[in-house]
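Undergrad: Numbering follows numbering that gives the first Met the number 0, in which position 294 of the sequence shown is assigned residue number 293; successive positions increment by one, without gaps.
Worth flagging that the hints you see were computed from the coordinates, not collected in a lab.
Computed from a prediction, not measured in an experiment: that's the story for all the values here.
Do not take every clue at face value.
[Stated by the list, open to error] Derived pair list, reagent style SDA-like, types lysine to any residue, alpha-carbon separation capped at 25 Å: (1) K14 with L166; (2) K152 with L166; (3) K318 with K233; (4) K218 with V370; (5) K146 with I159; (6) K146 with Q276; (7) K182 with I159; (8) K265 with T294; (9) K207 with I269; (10) K1 with I97; (11) K235 with D249; (12) K233 with I384; (13) K339 with T31; (14) K96 with H15; (15) K52 with Q36; (16) K119 with E381; (17) K218 with N7; (18) K385 with E118; (19) K68 with L295; (20) K274 with N171.
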Amino acid sequence: MKSIIHFNPISELQKHINLNLEFDNLIDLIITNDIAQIHACINKVWSYSLQGKWCVGFLSYEAAPAFDKAYRTSTISNAASDEDIPLLQFAVYDSYKIKHFPEKNYNNSLNLNFKLDEEKYTRDFNKIIELIKNGDIYQINYTHQLKQALDYKISHNEWINHYYKLLLRQINSYSIYLNWFDKQKNLEHNLLSFSPELFFHWQPQSGKIITQPMKGTAKRNVNNPDIDLEIMHKLKLTLKEQAENIMIVDLIRNDLSKIAKLGSVKTNNIFECIKLQSIWQMVSTVSAVTKNDVTLYDILCALFPCGSITGAPKIQSMKVIHALEQEARGVYCGIAGLIKPFGETIFNVAIRSLYTVTNKNSNHTNISYGVGSGITIDAVCEQEIKELYSKFVFLNN
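Put together the whole structure using the sequences plus the hints.
TA: As structure tokens, then:
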């Protein structure tokens, strides 16, 4: 199994992160599709970290009930393949190689032609607005799975090239590439994640934990720097976008308080706007100091899944998501990242992520890419649809 990490965030409070690593000397693979095994698997991953190993992997969104039985998620397989995507998968390594950004340009293209079901989106949008008006929820992060089937084989090296091509378009992100092969089913899996959103960065020795929920989006004008800057300032001052951001900040402050030392939960750099290739994103930072006896599993119980991809309140929002979205999100809206030797942990929120499965018997490849947005009382359906399109334009530019 090959794993590549490029964590180079643009947020002011995380600019010191600079991880450009490649792993391919696998010593163990921890994987499960059983909710009942999640706790034991996380403890095993943590044990490897304390032994000085590197652990790289992901948790799917559907792993959520392992941390709170009240969370509702779909049991329907993600349409990236006819096979179940693992709920948890971590590769364990004992060393790494530095993997610098490539200097060459990659000309290969997938020519993806994703189409959003705007009719279904509009119906569900109206249902969500009614629920908000009734006071059942305050915000929903409603998502849509975009899919495409390819009837030809894409080699492992080609997927790496695709990863680097897209990485060069969105360098400042928590990007990760994972490739593994299921010998029993003869399926090759690839995850190409270019998430700009930090789920959490935890340093257990000091107890310091940082989260950076991302809510608030505006399409950039990349051809006119002056107008582009005006768009950023407008985003920062728009009450609808501020409200969307603050709702999730409050939710995450509450989640963090479950594992934080009394009085340590702080909000920093509120409404920070970061520049991506095609959009501006609004980010706020919530930090804390964890209690002395907190474990990685405790943190996941408190925080997973991230409130920015559920809505508020979290339990009720996830019930609405379950009813409307119907199919599994898979790795999308889960988390992906690494645990360094001796515990330092960095996970992204696995948005902006391509998931692919190739059947080696037929050379047939299925691709899925999730997009979503936060819907509040002031949301306008047409604007939300435009936001979804702006979030995958970088795939084909």
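Undergrad: If a hint holds in the structure, say so; if it does not, say that too.
TA: Each hint tested on the structure:
The hinted pair formed by K14 and L166 meets the criterion: a straight-line CA distance of about 17 Å does not exceed 25 Å. Restraint check for K152 and L166: satisfied, since their Cα atoms lie roughly 22 Å apart, inside the 25 Å limit. Note on K318 and K233: the hinted pairing is violated, with a Cα-Cα distance of about 33 Å set against a maximum of 25 Å. Between K218 and V370, the direct Cα distance comes to roughly 15 Å. Compliance with the 25 Å bound is thereby established for this hinted pair.
Distance check on the hinted pair: K146 and I159 sit about 20 Å apart at the alpha-carbon level, within 25 Å; holds. Between the alpha carbons of K146 and Q276 the distance comes to roughly 22 Å, so the proposed pair stays at or under 25 Å and holds. Restraint check for K182 and I159: satisfied, since their Cα atoms lie roughly 20 Å apart, inside the 25 Å limit. At most 25 Å may separate the alpha-carbon atoms for a hinted pair to count; K265 and T294 meet this at roughly 21 Å.
Distance check on the hinted pair: K207 and I269 sit about 18 Å apart at the alpha-carbon level, within 25 Å; holds. Taken as a hint, the K1 and I97 pair is honoured in the structure, with Cα atoms around 14 Å apart against an allowance of 25 Å. Taking the CA atoms of K235 and D249, the gap is near 18 Å; set against the 25 Å cutoff, the hint holds. A hinted pair counts as satisfied when its Cα atoms are at most 25 Å apart, and K233 with I384 qualifies at roughly 19 Å.
Annotation: proposed proximity of K339 to T31 holds, straight-line Cα distance about 21 Å (limit 25 Å). For a cut-off of 25 Å, the pair hint linking K96 to H15 stands: about 20 Å separates their Cα positions. Using a Cα cut-off of 25 Å, the hinted pair K52 and Q36 holds, with the two alpha carbons roughly 21 Å apart. Restraint check for K119 and E381: satisfied, since their Cα atoms lie roughly 13 Å apart, inside the 25 Å limit.
For the proposed pair K218 and N7, the alpha carbon gap of about 22 Å is at most 25 Å, so the pair holds. Distance check on the hinted pair: K385 and E118 sit about 14 Å apart at the alpha-carbon level, within 25 Å; holds. This hinted pair checks out: K68 and L295 have alpha carbons roughly 18 Å apart, not beyond 25 Å. The straight-line distance between the Cα atoms of K274 and N171 is roughly 9 Å, inside the 25 Å bound, and the hint therefore holds.
In this structure, only the earlier hint numbered 3 is contradicted, and the remaining ones agree with it.
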